[in-house]
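Peer 1: These are the residues of each chain, in order.
There are 2 protein chains.
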Amino acid sequence: MKLLPLSCVVLAFTVVHAFRYEDLVEHVDSHQEQYVQVLREWVAVESDSSDVSKRAELHRMMNMTADKLRAMGGDVMLVDVGEQELPDGQMLALPKVVTAQFISNPQKPTVCVYGHVDVQPGKLEDGWATEPYNLTEINGNLYGRGVSDNKAPVLAWIHAVEAYQALNMELPVNVKFIIEGMEETGSNGLDAMIVAQKDTFLGDVDYIIISDCGWLSLRPALTYGTRGNCYFSAEIQGPKQDLHSGVYGGTVIEPMTDLIGILDTLISPTGKILIPGIREAVAPLSDEEWKTYQDIEFDVENFKNKLGVSELMYNNKVDLLAHMWRYPTVSIHGIEGAFSAPGTKTVIPAKVNAKFSIRQVPNLDPAVVEKQVSEYLQAAFARRKSPNKLKVTMLIGAKPWLADTQHGLYEAGKKAVKRVFNVEPDMIREGGTIPVARTFQDVTGKGIIMIPIGGFDDGIHSQNEKISRYNYLEGTKLFIAYLHEVAQIQKSGV
Amino acid sequence: MKLLPLSCVVLAFTVVHAFRYEDLVEHVDSHQEQYVQVLREWVAVESDSSDVSKRAELHRMMNMTADKLRAMGGDVMLVDVGEQELPDGQMLALPKVVTAQFISNPQKPTVCVYGHVDVQPGKLEDGWATEPYNLTEINGNLYGRGVSDNKAPVLAWIHAVEAYQALNMELPVNVKFIIEGMEETGSNGLDAMIVAQKDTFLGDVDYIIISDCGWLSLRPALTYGTRGNCYFSAEIQGPKQDLHSGVYGGTVIEPMTDLIGILDTLISPTGKILIPGIREAVAPLSDEEWKTYQDIEFDVENFKNKLGVSELMYNNKVDLLAHMWRYPTVSIHGIEGAFSAPGTKTVIPAKVNAKFSIRQVPNLDPAVVEKQVSEYLQAAFARRKSPNKLKVTMLIGAKPWLADTQHGLYEAGKKAVKRVFNVEPDMIREGGTIPVARTFQDVTGKGIIMIPIGGFDDGIHSQNEKISRYNYLEGTKLFIAYLHEVAQIQKSGV
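These protein sequences, in sequence, are chains A and B. The opening residue of the first sequence carries number 1086 in this note's numbering; numbering runs sequentially from there. The opening residue of the second sequence carries number 1086 in this note's numbering; numbering runs sequentially from there.
One chain only, chain A, in its complex shape (with noise of 0.2 Å):
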């Protein structure tokens, strides 16, 4: 049996107060300059998971995450989740995962949240108007990197545990976090870890809360799906070495036409999926889902104006939506090989690699997905009658997450934000893939949930990324009443 952490002890001997949302909120709001300030002190970290010359402000974001938690009475662990291999084959220790409990009471149901703190790339001249990591407050926004993904959301879920710690109420739930530090490079380590404590860390938690999200508007949002995706490479390989394309133009098949001609099998003009079988296989989209759609608020001429294109590939919010998020999608992201610097060079590259990916939706399966993209490929390949070689690889295989809208935990996401922002959820998909809500899924079985306070237009992954004091602020008080909710559902038996 587990000592109960020291200060779990010490409550036993104070006097518990009831729930009461108000004296919460009023400590949020007479808080929030510490909030700002740990954000702060969080930002300043460059916990760029991507550059490994950062990987020691990783570890040390790891330890003042740990440090954290640790402060305010949790049960926190350091999980070794083992090395990286480098493209030139060293070794690097990848950053510990952190977990922590707080156990308010063994008989209630345990929510456990998932978040990150590694931060996509961020500098000054790649056209940030503030320095990435110098957290900077212009008309209510905090800028800085990571703020919005995910540190603020980390962080407010703290301070929601936090606030009920100040004010000596129960937290309506046990709460655990699993905090990781390579999510913006793909979790490595983290799906074995949640396999190997499934019975351990995870064996009482009931349901999964992720908060690495954003919402679609103005309007507060509940996310109960995610695209997966199939990333792939074409490699086509012909002679040896790059040749001159003077001396050498004319002689040889070059690999760039095949690729080219290949790649250009994939998709229509109007981004239609040419390969067989896979907009067959994608669940019809139900006249009530339709109807979710055109309930959603969603302005496509702003969502136009902000991509800055003078028409959309749908031009009406339910197919625009609807192919955001539960219809597949072919994006080709380059090509490894050829010559991409700005100038001119007359090279014809030896070998060209093209990466693509599509985007997974319920009911493809990346499995067949692979199979039916690889045989495509090398038919349209072959029908060039090219003496050149193609090698066509799955690099990640990542399979959507679609959530049970009726389960418990989405009645209670909505009562906690009418509670905070007195409106209806917007119930949203998202078109990206977070593969940890899968995994969870799959793993543990349990109910899981995303409710984003980052704001539509953050720029997570761009420059000038922000989260805005008021999401902040009020995304801690959508965290505190969640809990509470998330109470309820027992009751009820839900």
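Each hint should be verified, as a subset may be incorrect.
[To be verified] Label pairs and their in silico Cβ distance ranges:
no., chain 1, residue 1, chain 2, residue 2, range
1, B, A1426, A, E1373, 38 to 48 Å
2, B, P1447, A, N1400, 50 to 60 Å
3, B, L1359, A, E1460, 22 to 32 Å
4, A, S1135, B, Q1463, 32 to 42 Å
5, A, R1364, B, P1447, 48 to 58 Å
6, A, D1211, B, P1447, 22 to 32 Å
[What the hints assert, rightly or not] Derived SDA-like pairs (lysine to any residue); straight-line CA-CA distance at most 25 Å:
no., chain 1, residue 1, chain 2, residue 2
7, B, K1470, A, V1280
8, B, K1139, A, P1427
9, B, K1376, B, H1492
10, A, K1325, B, K1476
11, B, K1430, A, E1210
12, B, K1430, A, Y1461
13, B, K1476, A, P1427
14, A, K1436, A, P1172
15, B, K1430, A, E1460
16, B, K1474, A, S1395
These aren't lab readings, by the way, just hints derived from the structure by calculation. These numbers come from a predicted model, not from an experiment. Beta carbons are placed, not taken as given, at the ideal position from N, Cα and C, and that holds for glycine.
On the provided structure of chain A, position chain B as indicated by the hints.
Peer 2: Chain B in isolation, oriented as in the chain A frame:
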């Protein structure tokens, strides 16, 4: 009137010997270690013109070249050809062009030898077996970056003049040099200098000789043509910034899809150029030309093995040589702005820029080709009805060069080859572009010949560039013999 340099004045008082080829040959053979040593010193200078951080080395290389020619008594100038603008807007001084003249007798004809002493990049980690800037002899081959392209040929011309001087033989013709340091990156400033010195330095030049090329096989060759090059950029702009392919995939018409689509209209799988008007404009292959190609020593199997491909675009000698030298070809070099690194990035690139080029042959006109390509691609793009923007730009428009092989220069070349190697030379063309040849032709109207001494397998622009000691020494003898033969042209009045 110009004063004769001191060494010429001294020569005037010494006994001048008549031309004796055997003595010159003996001098070359007995000085080969010195020749290799000076080549070693030149190779040790990392005169990479593409790497602006190496600019000081490039200036040093130009000064070494000038010092060498000055020490031989040449009338040497370092011609300032201005500055280049770097991508960041900074201005950087171009390497000065070295001109030198060795006037034996103003009544004699004058040749002008063009060469360059800048080199391509070369790094051990690119796969060199030896240090690229440390001349290393293995089995009679001298390995080092820039040995064959073009430092040894420039030195062979210098040694040829030195040999005449050392033996007190009057130079059969006056010899001028133009040695530049920007050839590998487009000869910035050279065209303007040639135009400016048309009536001064170039005013009394009768023939221009270029040795910046190689043989086709083990048989010595004379080169009478090069292809030109129209180098294009096709840029497609979509959204105002890069987008996450998960979040936005399915909502926008992606610039990469458009770009792949229009690039795929340029050339058929078997290499047929699909742009109307280009194939039609090419000068027809005459029976005589066909016969010339038939007679050339060229092993198709060997060529195929060297490139490491199982099949070439054409498998008979005449078609292959014709498509290497006198037919246009399209090469797609790569795409700027897309994801080109290893790994997996889920990006929708907002602006992508394909680089491709079409080699130019008689009777194509770059100005016409520019219009044909631009209109063709815009039409292909218009059919896609994409909201994105396409901009087609011709970045380079270099014309082909074709010499009159009936000019005495070629007869002289054949005689010199016969004297040194006791064979008939192959009459060949270059698939690549040496724009300065066309500039000399257009500006001066003088006869031009290319006399290569590099081996067919020297690997210029590749790893492990080399020139054989044999080609370096026999090449020096070839230049010695050629100076003698050129003097005969004048006599016979050809």
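Peer 1: For every hint, state whether the structure bears it out.
Peer 2: Hints, one by one, checked against the model:
{"no.": "1", "hint": "B:A1426 / A:E1373: 38 to 48 Å", "in the structure": "43 Å, holds"}
{"no.": "2", "hint": "B:P1447 / A:N1400: 50 to 60 Å", "in the structure": "51 Å, holds"}
{"no.": "3", "hint": "B:L1359 / A:E1460: 22 to 32 Å", "in the structure": "28 Å, holds"}
{"no.": "4", "hint": "A:S1135 / B:Q1463: 32 to 42 Å", "in the structure": "39 Å, holds"}
{"no.": "5", "hint": "A:R1364 / B:P1447: 48 to 58 Å", "in the structure": "50 Å, holds"}
{"no.": "6", "hint": "A:D1211 / B:P1447: 22 to 32 Å", "in the structure": "48 Å, violated"}
{"no.": "7", "hint": "B:K1470 / A:V1280", "in the structure": "49 Å, violated"}
{"no.": "8", "hint": "B:K1139 / A:P1427", "in the structure": "19 Å, holds"}
{"no.": "9", "hint": "B:K1376 / B:H1492", "in the structure": "20 Å, holds"}
{"no.": "10", "hint": "A:K1325 / B:K1476", "in the structure": "34 Å, violated"}
{"no.": "11", "hint": "B:K1430 / A:E1210", "in the structure": "20 Å, holds"}
{"no.": "12", "hint": "B:K1430 / A:Y1461", "in the structure": "23 Å, holds"}
{"no.": "13", "hint": "B:K1476 / A:P1427", "in the structure": "16 Å, holds"}
{"no.": "14", "hint": "A:K1436 / A:P1172", "in the structure": "18 Å, holds"}
{"no.": "15", "hint": "B:K1430 / A:E1460", "in the structure": "24 Å, holds"}
{"no.": "16", "hint": "B:K1474 / A:S1395", "in the structure": "10 Å, holds"}
Comparing the model with each earlier hint shows violations of hints 6, 7 and 10; every other hint is respected.
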